[in-house]
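**Student:** Spelled out from the first residue to the last, the chains are:
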Amino acid sequence: MTIEVSLRGRGRIANHLADGVKAQCDMLLLPSSEPCGTTASNSGSGGATRVSVEVKGLTVRITEDGRSPGACHEQRCAVFTSLTPESIRNGPGGLFVPSADSLSLARLVRVVNALSAVERVYSTVVRRAAHAADDAASSLDALQPVFEEPALEDELRTTLAGCVPMCQIRRVVASYTHSHLHMIKLDLVDSIDRETLIDRLHDESRILVSTSDDGFSSTADIQEFFRDLGRVRGDRWETFVWAESILVDQKCVYLMQDISPDVIVVPEVIDAIRLIAAPELSLAEIRRLTDRHLGMLETLSIVK
Amino acid sequence: MSNVRVGILGYGVIGRRLADAVNVQSDMELTGISGRSNSFSLRDAMWQGYDIYVSSAIGLREVAARLPTIQGEFADLLAKIDVLLDCTPSGVPQQHRELLESVPNLVTIVQGGETSGSCEASFHSMTNFNEVAGEKRIRVISCSSTGTTRFLYALDRAFGVQQAFVTLTRRSADPGKLSKVPLNSLVPTMGPSHHARDVNSVFRNLRLASVSVNCPTTFGHVLHFQVDLQGNATRKQIIAALQMIPRVVVGRGIRSTAELAERYVELGRRRGDRPEIYVFEESLAVNGSTVMAAISVHMESITIPETVDCIRAALRRTDDPWESIEKTDRALGIWRSDASYSGPDRSLQNGGSNGLNANLNS
Numbered sequence: 001m002t003i004e005v006s007l008r009g010r011g012r013i014a015n016h017l018a019d020g021v022k023a024q025c026d027m028l029l030l031p032s033s034e035p036c037g038t039t040a041s042n043s044g045s046g047g048a049t050r051v052s053v054e055v056k057g058l059t060v061r062i063t064e065d066g067r068s069p070g071a072c073h074e075q076r077c078a079v080f081t082s083l084t085p086e087s088i089r090n091g092p093g094g095l096f097v098p099s100a101d102s103l104s105l106a107r108l109v110r111v112v113n114a115l116s117a118v119e120r121v122y123s124t125v126v127r128r129a130a131h132a133a134d135d136a137a138s139s140l141d142a143l144q145p146v147f148e149e150p151a152l153e154d155e156l157r158t159t160l161a162g163c164v165p166m167c168q169i170r171r172v173v174a175s176y177t178h179s180h181l182h183m184i185k186l187d188l189v190d191s192i193d194r195e196t197l198i199d200r201l202h203d204e205s206r207i208l209v210s211t212s213d214d215g216f217s218s219t220a221d222i223q224e225f226f227r228d229l230g231r232v233r234g235d236r237w238e239t240f241v242w243a244e245s246i247l248v249d250q251k252c253v254y255l256m257q258d259i260s261p262d263v264i265v266v267p268e269v270i271d272a273i274r275l276i277a278a279p280e281l282s283l284a285e286i287r288r289l290t291d292r293h294l295g296m297l298e299t300l301s302i303v304k
Numbered sequence: 001m002s003n004v005r006v007g008i009l010g011y012g013v014i015g016r017r018l019a020d021a022v023n024v025q026s027d028m029e030l031t032g033i034s035g036r037s038n039s040f041s042l043r044d045a046m047w048q049g050y051d052i053y054v055s056s057a058i059g060l061r062e063v064a065a066r067l068p069t070i071q072g073e074f075a076d077l078l079a080k081i082d083v084l085l086d087c088t089p090s091g092v093p094q095q096h097r098e099l100l101e102s103v104p105n106l107v108t109i110v111q112g113g114e115t116s117g118s119c120e121a122s123f124h125s126m127t128n129f130n131e132v133a134g135e136k137r138i139r140v141i142s143c144s145s146t147g148t149t150r151f152l153y154a155l156d157r158a159f160g161v162q163q164a165f166v167t168l169t170r171r172s173a174d175p176g177k178l179s180k181v182p183l184n185s186l187v188p189t190m191g192p193s194h195h196a197r198d199v200n201s202v203f204r205n206l207r208l209a210s211v212s213v214n215c216p217t218t219f220g221h222v223l224h225f226q227v228d229l230q231g232n233a234t235r236k237q238i239i240a241a242l243q244m245i246p247r248v249v250v251g252r253g254i255r256s257t258a259e260l261a262e263r264y265v266e267l268g269r270r271r272g273d274r275p276e277i278y279v280f281e282e283s284l285a286v287n288g289s290t291v292m293a294a295i296s297v298h299m300e301s302i303t304i305p306e307t308v309d310c311i312r313a314a315l316r317r318t319d320d321p322w323e324s325i326e327k328t329d330r331a332l333g334i335w336r337s338d339a340s341y342s343g344p345d346r347s348l349q350n351g352g353s354n355g356l357n358a359n360l361n362s
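Chains E and X supply the protein sequences, listed in that same order.
The first sequence begins at 1 in our numbering and counts up by one.
The second sequence begins at 1 in our numbering and counts up by one.
Just to be clear, a hint being listed does not mean it is correct.
[Stated by the list, open to error] So the derived label-pair ranges between C-beta atoms look like this:
id: 1; chain 1: E; residue 1: LEU247; chain 2: X; residue 2: GLY253; range: 48 to 56 Å
id: 2; chain 1: X; residue 1: VAL103; chain 2: E; residue 2: ALA130; range: 31 to 39 Å
id: 3; chain 1: X; residue 1: SER342; chain 2: E; residue 2: LEU247; range: 37 to 45 Å
id: 4; chain 1: X; residue 1: ASP319; chain 2: E; residue 2: MET166; range: 42 to 50 Å
id: 5; chain 1: X; residue 1: LYS177; chain 2: E; residue 2: GLY215; range: 24 to 32 Å
id: 6; chain 1: X; residue 1: PHE40; chain 2: E; residue 2: GLY230; range: 45 to 53 Å
id: 7; chain 1: E; residue 1: ASP193; chain 2: X; residue 2: GLU98; range: 40 to 48 Å
id: 8; chain 1: X; residue 1: ASP174; chain 2: E; residue 2: ALA132; range: 22 to 30 Å
id: 9; chain 1: E; residue 1: LEU297; chain 2: X; residue 2: GLU101; range: 53 to 61 Å
id: 10; chain 1: E; residue 1: GLY215; chain 2: X; residue 2: GLY253; range: 41 to 49 Å
id: 11; chain 1: E; residue 1: LYS56; chain 2: X; residue 2: ASP338; range: 43 to 51 Å
id: 12; chain 1: E; residue 1: ASP203; chain 2: X; residue 2: GLN94; range: 43 to 51 Å
id: 13; chain 1: E; residue 1: GLU149; chain 2: X; residue 2: GLY253; range: 17 to 25 Å
If you're looking for bench data, these hints aren't it; they were derived computationally from the structure.
All C-beta atoms, glycine included, are put in the ideal place defined by N, C-alpha and C.
Construct the entire structure; sequences and hints are all you get.
**Tutor:** Written out as structure tokens, the structure reads:
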């Protein structure tokens with residue numbers, strides 16, 4: 001069955017989403033003139049289900065088409081990340097995929113939570129000043145700490161609600177264009193083994209673990225590798241974690257991860273589309289389908 | 001008591017600032033500067049009127065050959081001084097070690113680029129002043145480590161610190177220098193950065209973790225702290241605790257390291273220097289007993305006051321760190337009337353974390 005996707009919103013995230021949807025064999029991206037909520041429920045052409053995807057700022061809302069436009073309001077959407085249990089299918093107003101930084105922390109917490117409950121997450125995010133093609137809002141040569149981001153903190157709390165009681169995030173803008181780099185500390189209930197954590201991160205889809213020995217000593221190395229890979233726009237949907245950065249000290253875990261902020265939301269949005277439109281598929285099957293169609297990498301290691 | 005005679009080896013970013021700092025101390029005299037004969041830094045030192053001693057043979061067309069006056073060689077300088085401030089690049093001080101150790105009674109102070117193992121002791125004015133008394137080879141901890149120590153000392157003194165996590169977003173090169181990182185990239189330090197270890201060498205029993213990433217910028221570092229105190233505190237109390245510590249400035253209205261650099265240029269500071277740490281007041285957040293804050297460290301100048309104090313500590317010119325800190329700050333023009341130049345319990349001056357509560361509620 002084909003899922004018809006109506007995509008609203010402009011900008012880079014919308015462009016990357018469009019590419020991601022087009023890569024799915026069971027999805028059809030409708031022309032951009034198709035507005036949200038104008039057709040009767042579940043009445044896509046030829047038996048297809050129609051889903052609306054709305055990009056608003058840095059976040060994405062996914063609803064089954066036919067619902068009232070008011071249902072697209074974020075407060076009536078359930079947050080959707082890799083932490084979301086299957087029971088959340090089709091929340092009251094649809095699904096809401098948070099912004100890149102929150103989403104990436106959810107991916108990480110999913111792995112760590114399986115080893116030990118997480119009491120607190122803290123991240124300092126070194127954020128790019130602008131995309132390479134945009135005018136930078138900050139100085140050419142400066143570090144700019146961001147003082148107050150209550151919306152981001154609220155979003156992070158909502159994203160990790162039910163899993164992590166306390167979340168703290170701080171950002172600093174650097175004169176640089178590629179990505180966001182997180183310096184993370186996790187306080188756990190129980191101590192865990194570092195090698196076990198690394199193995200679990202290796203096994204997790206959408207997280208790639210590698211080292212400077214494998215040629216990834218800087219974010220530029222990561223950027224160039226994915227440009228070279230042949231993906232459209234050099235997209236990197238996966239989180240990158242430096243293995244050498246992973247430290248375990250009693251009940252604290254420290255690590256660094258790098259994310260591509262325009263692109264990282266794509267897999268989770270596609271998952272959300274299927275979650276709404278394909279009730280016969282389990283969440284695990286949905287993730288596998290998304291990863292396969294996007295061509296998600298499983299490993300970056302040169303030597304297995 | 002006669003003035004301490006000080007020599008400086010290496011007139012680079014730190015060396016020239018130390019030269020100026022020593023020159024204005026009433027109990028010290030700058031005997032001379034030594035550097036490699038092919039370095040234009042000798043020309044710079046000559047412009048300031050300092051006596052020059054070359055540390056390498058003079059080649060025909062080298063800078064030293066073109067200077068009007070040279071007072072002698074490095075060994076000549078060593079014979080005339082009590083303390084050598086070795087400001088050569090990381091790894092170079094080890095090359096001179098044998099020569100320096102052969103000079104009787106000479107105290108050598110190196111900068112934080114050297115490992116703690118290469119010296120008898122590490123130093124920070126506020127946390128372990130008296131530990132270096134009588135030592136012959138001392139390391140002043142690095143710029144970010146100095147800044148981290150000051151910040152955590154302030155909180156520990158007032159509230160007690162249970163544990164702390166510091167993330168360092170660091171400049172990749174000093175202004176005018178070649179960058180060690182690509183133009184458009186972030187380069188993480190793999191594994192824990194050296195800062196926690198450095199701080200613990202002068203501030204023991206403090207549970208601290210540090211990670212660091214280098215960024216393509218030049219004006220200064222930004223450090224983010226997540227600190228768990230031993231008890232709850234209000235934001236107002238935190239600010240008060242920070243403001244009472246010398247060499248810590250809590251400010252508002254500045255949004256970036258570039259703006260901060262400009263502000264200190266406008267203030268008339270020589271070279272726009274800022275030996276104080278700058279705490280971005282707007283970044284201060286308190287959640288129960290957890291404090292989060294961002295500070296900026298000016299890597300070119302932050303260790304200057306501590307190095308001056310180290311001279312007095314090593315030569316036992318005083319056993320009161322706050323007397324030295326005040327003297328240094330007055331001479332450098334960074335003394336503040338609203339800071340406290342009397343310390344807490346003197347037993348805390350031997351490198352331990354205290355967990356005392358100062359009376360900040362008044």
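**Student:** Taking the hints in turn, state whether each one holds.
**Tutor:** Okay, the hints, checked on the actual structure:
1. LEU247/E x GLY253/X: 48 to 56 Å: violated, 36 Å
2. VAL103/X x ALA130/E: 31 to 39 Å: violated, 55 Å
3. SER342/X x LEU247/E: 37 to 45 Å: holds, 39 Å
4. ASP319/X x MET166/E: 42 to 50 Å: holds, 44 Å
5. LYS177/X x GLY215/E: 24 to 32 Å: holds, 26 Å
6. PHE40/X x GLY230/E: 45 to 53 Å: This hint holds: roughly 49 Å between Cβ atoms.
7. ASP193/E x GLU98/X: 40 to 48 Å: Roughly 46 Å apart at Cβ, these two residues keep to the hinted range, so it holds.
8. ASP174/X x ALA132/E: 22 to 30 Å: holds, 26 Å
9. LEU297/E x GLU101/X: 53 to 61 Å: At roughly 55 Å between Cβ atoms, GLU101/X and LEU297/E fall inside 53 to 61 Å, so the hint holds.
10. GLY215/E x GLY253/X: 41 to 49 Å: For GLY253/X against GLY215/E, whose Cβ atoms are near 43 Å apart, the range 41 to 49 Å holds.
11. LYS56/E x ASP338/X: 43 to 51 Å: holds, 47 Å
12. ASP203/E x GLN94/X: 43 to 51 Å: holds, 45 Å
13. GLU149/E x GLY253/X: 17 to 25 Å: holds, 18 Å
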